[in-house]
Amino acid sequence: MKNIIIVLFVLFTFLACEKEITIDVPPGKLQYVVEASINNRFPLLNYVFISTTIDYFKPDLSLNGVKNAEVYITPGVIVGNDTFYNEANRIKLYGVDTLAKLVPALDSILGPFSGVYMNPFELTGAVNTPYKLDILLNNGATAITAKTFIPRTVNIDSVLYRIEPKQGKDTVGKAYTKFWFVDGPERNNYRLAVNTSPDSILFGWGACKFYRTFDDEFVNNGNRPYEFVRPFNEGDTLNLYLSHIGRKEFLFWQSFGKADNNGGPFATPGSVSSNIKGAIGSFTGYSVDFKQVILK
Amino acid sequence: MLYKTALLFLLAFTTNFVFAQTKFTLSGELRDSSNGETLIGAVVKIMETNKAISTNTYGYFALTLPAGNYTVQITYLGFQTKIIKVNLEKDSKLNVKLASRSISGKEVVIKGEREDKNIRSTEMSTVELTGEKVKQLPVIFGESDILKAITLLPGIKSGGEGGTGFYVRGGGPDQNLILMDEAVVYNPSHLFGFLSVFNTDAVKNLEVIKGGMPANYGGRLSSILNVTMREGNNQKYEFNGGVGLLASRFSAEGPIKKGKSSFLIAARRTYIDVLAQPFLPKSAQGNAYYFYDINFKMNWQLGTKDKLYFSGYFGRDILDFISPTNNNVNLNFGWGNATATLRWNHVFKPKLFSNTSIIYNRYDLFNDFKFGVNGFSVRSGLNDWNLKSDFTWFAADKHLVKFGFNYIFHSFTPGIATGSVGTIKIDEEISKQYAHEVAVYAQDEWQITQRWSVNAGLRAVAFNRVGPYTQEIFNEDNQKTGESIKYGVNESMAFYPRLEPRLNVNYLINEESSIKASYTKTYQFVHLATTSGAQFPVDLWVPSSAKVKPQEANQVALGYFRNFINNRYEASAEAYYKVMDNQIEFKPFSQLFFNANLENEMVFGQGKAYGLELFLKKKVGRLNGWIGYTWSRAYRQFDQLNYGEAYFFRYDRTHDMSLVLSYTFNKKWTGTFVFVYGTGNAVTLPNSRYPYRIGYDPQTNEPKFTFIDVYDKINSYRLPAYHRADISFVYTHKKTKSWESNWNFSIYNIYNRANPYFIYFLPDIDKLEVKAYMVYLFPILPSVAWNFKF
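Here the protein sequences line up with chains A and B, keeping their order. Oh and the first sequence: position 117 is 117 in my numbering, straight run, nothing missing. So the number in my numbering is just where the residue sits in the second sequence, counting from 1, plus 1000.
Think of the hints as simulated: they come from the structure by calculation, not from any bench. Where a beta carbon is used, it is the ideal one built from N, C-alpha and C, also for glycine. One should not assume that every hint holds.
Said to hold, decoys possible - Derived DSS-like pairs: lysine-lysine, alpha-carbon spacing no greater than 30 Å straight-line:
1) B:K1480 / A:K132
2) A:K147 / A:K209
3) A:K248 / B:K1432
4) B:K1370 / A:K169
5) B:K1260 / B:K1093
6) A:K248 / B:K1480
7) A:K29 / B:K1704
8) B:K1547 / A:K248
9) A:K67 / B:K1667
10) A:K178 / B:K1282
11) A:K67 / B:K1771
12) B:K1117 / B:K1097
13) B:K1082 / B:K1370
14) A:K166 / B:K1370
Stated by the list, open to error - Just a sample of chain A residues kept apart from chain B, beta carbon distances all over 12 Å, derived:
15) S62
16) I78
17) F121
18) L123
19) N138
20) R152
21) F181
22) V293
Please put together the full structure from these sequences, using the hints given.
Printed below as a string of structure tokens:
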């Protein structure tokens, strides 16, 4: 709401101008950053990306990944109120350089992702399962740990769309789209990712073009619609990934979303919350339901 | 300890009166002869004794003197001085009408200011302006505005370019008590802060108290902005109006019964929505924004001892938004204030004047959203019922005593949501919040000797947060556990009794200079929930609770006041030091709107502010105006923010300067020049970034990711300094018997300074770096407004 107001308010003035300025901000201290994902459906979306922070004005727009880390993910078992992780079950994740040697076909996709660790052969997530992440850096001198949980899957019930024929300068018609899912009585947290590529995601959640993080605090327990404000193009292949995630992960992605758009020009800026010890970032367990629809 | 001090204080001044000799009282009312408006702060002086008193907010005065013959001089700047012989052998009435001075040659004056009150009165840290003066200042979009005008005064800082937010001596925007005819205005802005809710056609006088707060005021830490509405002409019917680029105004006033009662009604409305409609693309048709407001006031003289006033305000901002990409998406969003004040002036005895008011004020916000099969409405707001009684006892020769009480019932509506999403019905309400706030006060303005005078007061206030209330219990992940604690009707949830001692001391060095000092303690029990530097309509007010303690401030000020050349010039230098406890900030990315666990988002800390304010004003002559300069510092410290270290308050402004010069060329033309300078606002900037949410883009065969910023120290960077100059010329047409009109030609930002509004960053892919961009709102901006009266 506040963003709508800000945008409208700036538009009202019709007068706002801008110019480039030089700012001298002392560099911040270097911190490790971890983006870790595990899900129940897509092995190439089970990955750990390790990087470091970059000085804000340093001429560097690269991924800045960290190589030579030891990365393990261990599935756990819940007994009563306790969670146990057996070191014997831990799965080692390999850097993309190593993976590309093992599977040359992956090199074209994963080649640029230095700092990404995966094991699509052994690591598959399962619902209702806890997971532990262990990262060792600098020959074991730096340890980073995190835990997550893949909850039950919430299924997409149906996808509905209405094609509006092209008008005026439009080259294609518009597809007004909504989908329905059944929200249970418990408190659920969702992360929705959407892309319109003919293929589903090849690698990384960042491949999508649209994300939403929402919960069911006010709209709970029922057949719930999700309606897209912006129409898609007629003929688009719509890939919907509706993930049920944990609360701490939800809070991370919620703050991430606010940090991504910076809360507007008047907001008090802040850094995103983190559920990782020893680094910034999140280890998120996604219980994914997927639907693909060609909008024609 | 404080209770004992209070008792001693009361005993001290009551003892004094027991031995006072019997005298007669000369009392009365001063009015403007042209329209019957009461004159606030006119000086009534007894020439034989040099004793003087100012009229109160209702134009009333009373003086107690031994029997005898006296020469009474009545002065009010901008009006002809009157000298009246009085034979005082019994309690006597002296109602006087003053005529306005002609504006010609050297007799150009600023209307409505007292000649040497700044020297003689114990009052300090107080500045005043009249509605008439505000209209002379350069304007933006043709709209004069009192909140923008007061930021030209020392110690009062503007929130930002073109905005109406103001910050006083290191305080936040919610720490200013904004009163319109005694009714609290919780959100004083229209048009997202660019214009205030105050229509200058309806404003008679405004006063800002920055420190040395008298005991009859309370409820906010930093300042009081007291806006008095005009009463309306009780001699003849008059119509005023104005046409600006954004809005037009119209007001009507006149006698209900000539000389006895009058009315005023003033309204304005923007027409951006109407003017912009033909230029909007087809996809944006139906989008509209507008605001309107209406002020009214009526008064009736009921015999010689009673007078009744009824005044009010109603205003709304409305935004209709239809998504240009999907016309199934419709937002109807609005907010506004409403106030009503019923006041009864009663003169019990010539020495005892009272005003009793019943006041209602409301601020509410609505938000209706429709999207295909989904639709919901959210309502929030607050309202107060306020009963107050203020007594002025012109007690004895050297005492002016004020006492009274004030009771407020606060009712907060944090959020009500209704509607449906698909087949799921929404019917949610965050429990309403209620509180009682009671205050009693007494103060004595005591002329101890010819040189020493003191205004000592004590305000006792109690805030009781009460039920009915259902307190939801949340887990560590901020989710409802389903458990709750229920409080019954009027069951106390948090009770805060507090004492607020006030002291102002004046030492008159000579007829032209004085030294003043003050101490003020204030508490604030309602707080604005905002995470931004600008005040938005969605910002919520929340009451104190068991967790949210009342904000507290202690302020001392010391000032030197000097008038020159027969009071034509006045100058002052004031230093202040203020500490504030239980200050509230919100965690980054807090969800404020419709959050049942808002208190979980709060952090609590301290504030500190100090500074030196210099002021020089030329009150009369063809050339008049003022220059103000403030050097100041303002800090905040929260254990949970900024590694626990103190940081600059967002509106810390080391140097702040304003120059206002008006020149009357002749009867037709008046020009005003304004220059302002301020150190840049303190802002928090990122010092590093990291790539996140990575992915493979099959269309470009490249990695795809976003950069997220990392922030370190709060407000450790300064935006470039703010400065600009404005100029206006007012051309007044020759008056006829029944018609007056003038044109206001203004140029805002005459040297086209690019003042920072905010800065943002964008990566430059080609140069592999992040670039900073500064957005500035208003370049050089001419405007014109036409005002008329008939």
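message: Check the hint pairing K1082 (chain B) with K1370 (chain B) against an upper bound of 30 Å on the C-alpha distance.
response: Violated. K1082 (chain B) to K1370 (chain B) sits at ~66 Å, over the 30 Å cutoff.
task: Take a quick look at whether K1480 (chain B) and K132 (chain A) sit within 30 Å of each other, Cα to Cα.
output: Holds, at about 27 Å.
query: Is it true that the CA of K147 (chain A) sits at most 30 Å from the CA of K209 (chain A)?
result: Since the Cα atoms of K147 (chain A) and K209 (chain A) sit roughly 27 Å apart, the hinted pair holds (cutoff 30 Å).
- prompt: Are the Cα atoms of K248 (chain A) and K1432 (chain B) separated by 30 Å or less?
  reply: The given pair, whose Cα atoms are some 29 Å apart, holds under the 30 Å limit.
task: Quickly compare the C-alpha distance for K166 (chain A) and K1370 (chain B) to 30 Å and report which way the hint goes.
output: holds (24 Å)
query: Between K248 (chain A) and K1480 (chain B), is the straight-line Cα distance small enough, at 30 Å or below?
result: Distance ~15 Å between K248 (chain A) and K1480 (chain B) Cα, so the pair holds.
- prompt: Regarding the assertion that L123 (chain A) does not contact chain B, is the least Cβ-Cβ distance greater than 12 Å?
  reply: holds (18 Å)
message: Minimum C-beta separation from S62 (chain A) to chain B exceeding 12 Å: can you confirm that?
response: violated (8 Å)
- prompt: Would you say R152 (chain A) is clear of chain B, with no C-beta pair closer than or equal to 12 Å?
  reply: With a cut-off of 12 Å, R152 (chain A) remains clear of chain B, as the shortest Cβ separation is near 17 Å.
- prompt: Is the Cβ of N138 (chain A) farther than 12 Å from every Cβ of chain B?
  reply: The claim holds: N138 (chain A) sits with its nearest Cβ about 18 Å from chain B, beyond 12 Å.
task: With 12 Å as the threshold, tell me whether I78 (chain A) passes as away from chain B on beta-carbon distances.
output: The claim holds: I78 (chain A) sits with its nearest Cβ about 18 Å from chain B, beyond 12 Å.
- request: Please work out if K1260 (chain B) and K1093 (chain B) have their alpha carbons no farther apart than 30 Å.
  value: Since the Cα atoms of K1260 (chain B) and K1093 (chain B) sit roughly 17 Å apart, the hinted pair holds (cutoff 30 Å).
The structure is inconsistent with the numbered hints 9, 13, 15, 21, although it conforms to all the rest.
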